[in-house]
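Just so you know, the sequences run in chain order A and B.
Quick note: the first sequence uses the working numbering, first residue 1203, plus one each step.
Quick note: the second sequence uses the working numbering, first residue 1289, plus one each step.
If you're looking for bench data, these hints aren't it; they were derived computationally from the structure.
Not one of these hints is a red herring.
Only pairs whose alpha carbons sit at most 20 Å apart, straight line, appear in this in silico DMTMM-like list of lysine to aspartate or glutamate:
1. Lys1367/B - Asp1285/A
2. Lys1366/B - Asp1280/A
3. Lys1338/B - Asp1253/A
4. Lys1367/B - Glu1402/B
5. Lys1366/B - Glu1383/B
6. Lys1367/B - Glu1403/B
Here's the letter readout for the chains.
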Amino acid sequence: MVILWVMCIVLTVALIALLVLLKGVLGAARSITPTVGAISGVAAAASKDLDAVIALVTTQNYISQVVAGLANYGGSLDVALPDA
Amino acid sequence: MELPVLIIILLITLIILALAVFLIATILELRKIDAGLGVVLEGVAEIATKTAPVNGVLDAINVTLVAGRDLLEGLALKKTGPDAAGLVESCFPGEGQRFLQRVGRRGPVVAIGEEYPRGTATLNALLGVSAAAPPAAAAEPADRISVVGARPWE
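The following block holds chain A by itself, in its conformation from the complex (with noise of 0.2 Å):
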């Protein structure tokens, strides 16, 4: 008969226990659900932002183009200056 209470009061601590647990457990996976919902805004912010990127090539082709003039500028000041 005493056996039988000891496991009574075994078991009631063993539920408190468990009961923390379990509402630990989920108040974190609670936690991570608004991050994840942020981090997809980010993400959507971060992907609209480079569709600038594409203008890159623009940009290296209009570098090519400058490059190529300073080089026929610099083929004319070495036509046009002595040497050191």
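Following the hints, complete the assembly by docking chain B onto the known chain A.
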């Protein structure tokens, strides 16, 4: 049935119920997280796709710019000789020493300043202009060339 046995059965039932309720709630939250991560993954994949060509384009731009820089530095070295590093230093403070390293030379770098008299003399000689009689349209004194105009960011 004795009272302790009934209590034990009740406690075990409560434990099972608590496990079921909390684990089901946790599973539901984890499913929400999974769905959210799916959306994040789509965004990240989009970012990766959009940034994939950046390295190649920037490398190409750098190669072009380095070629232009080398060309101008070679020209400066050829035309101004020992004054080249000083001219580079005057136009781009701090770059003179790196310029010397790039062209494989050593020595102190003395900034020419914003004016380069030797260049003016050369240009005047080429144009047949006397140093004493500057052209009317010239904004600078006849014996000086300013490199300020070479720095449009100022």
